[in-house]
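Fit chains V and R to the known structure of chain S by using the hints.
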Amino acid sequence: MLGVCYYPEHWPEDWWADDATAMRAAGITYVRIAEFAWSRIEPEPGRFDWAWLDRAIGVLGGAGLRVVMCTPTATPPKWLIDREPSILPTDENGRTRGFGSRRHTGFSSEAWIRESRRITEAVAGRYGDNQAVAGWQIDNEFGCHDTVLSYGPEDLRAFQAWLGRRYGSIGRLNEAWGTVFWSAELRSFAEVSLPVGAVTETAPAARMDFRRFSSDQVRAYCRMQADILRAHSPGRFVTHNFMGRFTGFDHHAVGEELDFATWDSYPLGFTDQFPFGDAERAPFIETGHPDMAAFHHDLYRGIGRGRFWIMEQQPGPVNWADWNPVPKPGMVRLWTWEAFAHGAEVVSYFRWRQCPFAQEQMHAGLHRPNRSVSAGGKEALQVAAELRSAGTLPASTQAPVALVFDYEAAWMLDIQPQGKDFNYIEMCFRWYEMARRLGQDVDIVASGASLAGYRTVLAPTLPHLSEAGLAALSATEATVLIGPRTGSRSVDFSIPDGLPPGPLRSMLPMQVVDVGSLRPGLSHPVTGKFAGRAIRWREWIETDADVTARFHDGSPAVVEGGRYVYLACWPDAALLEAALRHVLPAGGLGLTELPAGVRLRHRGELCFAFNYGPEPWTLPDHLVRTLVMGHPVVEPQDFACWRVAV
Amino acid sequence: MLGVCYYPEHWPEDWWADDATAMRAAGITYVRIAEFAWSRIEPEPGRFDWAWLDRAIGVLGGAGLRVVMCTPTATPPKWLIDREPSILPTDENGRTRGFGSRRHTGFSSEAWIRESRRITEAVAGRYGDNQAVAGWQIDNEFGCHDTVLSYGPEDLRAFQAWLGRRYGSIGRLNEAWGTVFWSAELRSFAEVSLPVGAVTETAPAARMDFRRFSSDQVRAYCRMQADILRAHSPGRFVTHNFMGRFTGFDHHAVGEELDFATWDSYPLGFTDQFPFGDAERAPFIETGHPDMAAFHHDLYRGIGRGRFWIMEQQPGPVNWADWNPVPKPGMVRLWTWEAFAHGAEVVSYFRWRQCPFAQEQMHAGLHRPNRSVSAGGKEALQVAAELRSAGTLPASTQAPVALVFDYEAAWMLDIQPQGKDFNYIEMCFRWYEMARRLGQDVDIVASGASLAGYRTVLAPTLPHLSEAGLAALSATEATVLIGPRTGSRSVDFSIPDGLPPGPLRSMLPMQVVDVGSLRPGLSHPVTGKFAGRAIRWREWIETDADVTARFHDGSPAVVEGGRYVYLACWPDAALLEAALRHVLPAGGLGLTELPAGVRLRHRGELCFAFNYGPEPWTLPDHLVRTLVMGHPVVEPQDFACWRVAV
Amino acid sequence: MLGVCYYPEHWPEDWWADDATAMRAAGITYVRIAEFAWSRIEPEPGRFDWAWLDRAIGVLGGAGLRVVMCTPTATPPKWLIDREPSILPTDENGRTRGFGSRRHTGFSSEAWIRESRRITEAVAGRYGDNQAVAGWQIDNEFGCHDTVLSYGPEDLRAFQAWLGRRYGSIGRLNEAWGTVFWSAELRSFAEVSLPVGAVTETAPAARMDFRRFSSDQVRAYCRMQADILRAHSPGRFVTHNFMGRFTGFDHHAVGEELDFATWDSYPLGFTDQFPFGDAERAPFIETGHPDMAAFHHDLYRGIGRGRFWIMEQQPGPVNWADWNPVPKPGMVRLWTWEAFAHGAEVVSYFRWRQCPFAQEQMHAGLHRPNRSVSAGGKEALQVAAELRSAGTLPASTQAPVALVFDYEAAWMLDIQPQGKDFNYIEMCFRWYEMARRLGQDVDIVASGASLAGYRTVLAPTLPHLSEAGLAALSATEATVLIGPRTGSRSVDFSIPDGLPPGPLRSMLPMQVVDVGSLRPGLSHPVTGKFAGRAIRWREWIETDADVTARFHDGSPAVVEGGRYVYLACWPDAALLEAALRHVLPAGGLGLTELPAGVRLRHRGELCFAFNYGPEPWTLPDHLVRTLVMGHPVVEPQDFACWRVAV
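Chains as they are written, first to last, in this note's numbering: chain S, 2 to 647; chain V, 2 to 647; chain R, 2 to 647.
The hints are simulated quantities; they were obtained by calculation from the structure and are not laboratory data.
Treat the hints with care, as some may be off.
One copy or two, either will do: identical chains are not told apart, so a pair holds if it fits within one copy or between any two.
Unchecked claim - Simulated crosslink set (DSSO-like; lysine-lysine; CA at most 30 Å straight-line):
#	residue 1	residue 2
1	K421	K329
2	K421	K379
3	K530	K329
4	K379	K329
This is chain S alone, in the form it adopts within the complex (with noise of 0.2 Å):
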């Protein structure tokens, strides 16, 4: 199904009835409001102005529409930072974070907290029990502009209290973060400071624990909200918009308070944002990388236990990039049917017309500013179409393949990269494409979720292994292929007794004896079983297990034990693509060769096949016969779906 966001605040009031008529005539079943109308529902301190809304509601709800309403809680209104200024958080140089724009709220302000709690009463005793209402965002975006984290005083007092929870005593708190090292010893919690601003590196389990706490205070922050939505508005679903490529908190932690995930699809944007070189980038600039979306789709899906919604899809350029291009034709439509295709329920686009005013006015919609129909809203018209005439699509079943994401092991590697170049989101974006281009359906799961039924589980690192993550990798009948730095870690950031893998070494008895990351330009070469080079980083293994490949000095690249394979270096793309060529036939699992720009999807019976590449891509033969959507040959930036024996 289609969805759009539409800001009826932004229009006249006598546009509303034929905006929503068109909507509907466009196939568009919910719409999401209000996520940023806080200055219009309470104009004052304590006035709330609920007519216009209500008569919003009114307009789209009696055209049929379905409504997402949003809490407004990410932007707080002037009057109420003036009156509570404490609310605004606090950079890493100490500086308050000012008014102007949005998020200007620290999620560890008392102030805020109340304030919030507040206004969602306010919006869900209004709509709560609304016939039109169907469900319910959650503020918008969080973490977005970088606002995870805050440092100010009462980011301090919190992160206090939450250290006497997580420690009981200051005793066990100097131990798991060895402040016995450069004497920095505390005698009680109130001693305790921010791990910031210091003159050099301060201990990495003080500034792991305070990306958990400030994980913890966005999770707190979305139960507080959802509680009292669940409270007032019963039988609607409660979720939130996430938004692609950050890891500023734990996106399966907060998934666990919603009904379902909803992420914000700009694949333009994250390509021009992503650390491609300028050659890989340059045949995506215009259609997105191929798999950039996706990667999100299967990641969401994850963090939405098997549920997630697109909240906002690109329909044409964005304003926030370094730049900003237009997709080529076609490209909304396709990107359209890949979320689906990967699963999601709805895709809503944003937004219905591009606003002519304001900070993203050259943030393409479905509409022009002069109510004219975009190329996107033409693209979303024929998907429309398409979706009418495809009838309700089958449910999307699990993948042979998992890769395992986890959100601590981000937080590790960005405090300790050891390497600059080490970075986590790239390393297991670099390990779904290449199984995507081998043909693969990959889930991306948490560290710790069952991995029972998958053929191959990839392990692209995981530094602290926790007790369950280890649970799911020995209970999984899959064969795994293990990246470097797994088991690093302790839980308190410090290396495991017996040295890495730590507890991995239940499964494979080696030691990770040193690690070296290699600059650009220094790379060592692999030979054996799978052959290429460690780009980034290596390491140096003692193991009685088997080895497999070597790297040119003799010592062991690859070693594997049963179904685990362990491979001990960043791969360039060469060896990363032998290791998958390895591992996943022996997960029993078959390959498809694929050109780079083409990627396949199955959802149920379906499998679809979409064209990133400025080549035409021919469907084998067999294939053909089972057509139900597009042609034998695939053009550039067009899809086919045929129908597959599951």
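Okay, now just chains V and R, sitting in the frame of chain S:
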């Protein structure tokens, strides 16, 4: 005529007379003094020491030099800052910018305005009717070191008051800024905050108003001083020395407070700092780019309403660019004559003698610290001799080509580049450069200034096309080449109702329906009447007008309507050249084929050719007959001048 | 002899005895302890816990180890910072630098000086006459993490007082700083502000004085501790461990407070951080650049007046560079022997065992966290065995070549580079490297130190040539190669009256009349006795002296006057090599042709060859006969040693 900048306070008094005599012998007419002398003029609060300055002016005037006297407001002394610390400006991080260099003053500080008035009255009162004083320079290089914008409490109060005057009601401001977006609606002007330091982007209209306000503050400050000077010093000129490459305030507006404009010409420093590519800059590191000084001459001639001086001419290496080379032999002479060719009335060198101490000790002068004549000084002597031979130069006349340059355009594109490399001054420079490579003289004029009498008008971009700007474009009989984004914004920084090009649609019936920025490495080919490639920026247009070139996908790249030609992209060099090879002849202009480093410029019936390139350039035979200066073969770093029929 | 850094407080007490035994068995003589142990020594204000440290020293001393005891002032504990927050330093933005790492102290804080005195007296009183204590290390790595300069109110007051002592009257300061320029004249020392945070550049002389003042504060702090230690611990040495690549304070001056110098040698970390080009660095990423450690050995041997230790020797990968590779096999042994070859008395590894927790958990040790011996540890064992075989090494003697290194030069060029890539330490390194590639031993000496006995003296640049520096250059009988900018500044940072090279004109009758920095891509060819190209910097000279090489435009590039040779540019490698191939033989020195990665070094009658390169190096036949260590073919990462006639 020649001038020089002199600092009697830097030298032993017994050198003054010799210096003055040497200046006269060197052919110098004007001597600028005292712009940084406050601490000598008023060494303690309220205690003025005029004696030394009386004597200095006496010596200079006595030698026959005409004094350009300055107000010393670029450097208030420490005792004043200690008494009135609110004078200090505030940076965008909220930090006070300190004492110890210059321009440590905020244009909205009431104490500063009061003290500026006091010292200006004192100096003007003392020397207003001094016979040696020919005129006045107000302050020094407004805006230098990023000092137009200040973010302190007085700046906020003044901004609020300015907004009150501009909008009358807060409702009108809310509408203009689009504050309904992101819940930023304000209930009173007192709720306005400075558009800085927010979590992410603040409203573009708010930032635009802050730029307008800040520019107005500069103008008001300049007018305050001008009024005092005119009251005390009748019959003397009042000017200001603008710095090149600065777009922080509206120079056209400030220019209206002056009798003529002067600017400070540092071709090598500017060439080091301008965003040239390395290969493009390399041949000109030691000569300056051949259009760098010329562009500014033509800009400031417009700002001075036809009259300008060079108040500071680079006489050798400077000290403030990343790299500071020695000019090639001949360049100081060439730059000086080039200024005259472009209509300068006076070229004044900075400075008489290199100062052996303090911040600018690495800045060359006409003399070295040991009182010997520098290489640049010898070239200045040559110029003086040549000037004597040349006699009075003819008056500069209107050029056949106008390029429209708009400071508001610079601010808008700074606020909303949408592509990281969309740089306004670079864009104008590129268009200017290409016209000059094709042999044209160019006037650079304000948007809204009359375009009568021009054959060809170039408007690289005018995002907000004002009523006056539109009227001037409508009234001209020239062929007009208009660049992308023109008419794309209202005065309130919003997209015009009928889409871009907004008011330009009265001449060009078209709509820009999509725009995209193009990352380096991405370009779109253009074919048709003009061929080349779009880089950096491209538009999608719907139109019934003539389309004379198209992008590869068939979408219009060039739209023509009568004498108006719209170019829907940032052109690469080939496309820009092709466009100008069309519109210049269309306006009736002949093109001259020149080597890459040679430029022409007419002054009355004289035509000059300047050779910045590495190869000699041989004049066409028919020109040799009318040679006035130079030789038929124009050597590198040399120039020639011949008489043409007017 | 060998040493090691040990942290008993990091390990269970029941490991201590085994560790001590293992140290002795590994051939270790010295063990450095307690430099970060304040929070264990004084866990609460005034409550000292000596028991554990008594036991630790007892165990170590009992095993026959000699203890290098430290004052723990690099890491004052949190309770002290909470009681005396004025101890914290202030960064250049005026922000207090916080607790949580190390060196969170300002050298001008009165509270800090008082507390440092108190803890130093306590520790010295407790262990001053302990028989196990061989000597003392004061603090740890002065200046590390950019901690020489602090910008708080106490720093300002101390600076004002220092200026009062230096200048006596404010008039003298005004003259020295040239405050008449830009109206910065001061009426009293109380009006002085710190030369930071101004709108643009502050007076170079003011900044220079702030650097001198800050350096003096380091020395005074060091002397304060040294006086206490000498009073309480007669017969023990007092030293400090300097960090490589730091020029923030005058190491020669601080060295005068010590019995000898020690330094911390991290060849791979320094090679990662040094401004090498990528291609130049690539072959040495895993070995270190072949001159990196050597340069510092020769520098600190001079600072220690002939005596130095390595207090911290890299034993494997470190944790603090952008990339941290594992050293190639053999390098830890090679680095150790290279230190001895350069005259080190002791090489002490950092650290005994890698710490599994806290900030340096990725820093290797001789042992791994699981108590196994690391790769570096095995190489240290080999060194110990080799040392036993070698017996007492001969004394190090004066080298034939001196390179003059001046911390004031580093500050001056930092304050006024004039070309962005004019980097003092890089310049000295380049000259040093070239001399060593031609087979020379080099002493690095302070400006003003005696140059008697040298054959060739290299003075890459000495912007301010002090009287002592001039006297030493005048007195030497060596051939002296002098680089550009020498003598270009007075002690007050002004251009000397007779132009550069100022006082050097007594030896070289010449004047530098122009100087230019050369952007990358711009170079000027030099031909004559030396040929090559000027890069980065070039001068224009007028002289009656012998000109033995000229630039392309005929201007002098090399001026010779007797044994003084002046090079008027930053030479590229070819020109630098040509210059040294002239001046070294002119001083009577023979050149040795060596591969790019091989270096020689004599210690008494022994000559060592170290092979940093990728290819084996075969010794000339005549050397094989006197081989003492190693083989006729010196493999990569290996060395050889032979006996020479002295």
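Right, here's what the structure says about each hint:
no.	hint	in the structure
1	K421 with K329	between (34 Å within a copy, 20 Å between copies)
2	K421 with K379	between (44 Å within a copy, 29 Å between copies)
3	K530 with K329	between (41 Å within a copy, 25 Å between copies)
4	K379 with K329	within (13 Å within a copy, 60 Å between copies)
When the structure is compared with the earlier hints, no violation turns up for any of them.
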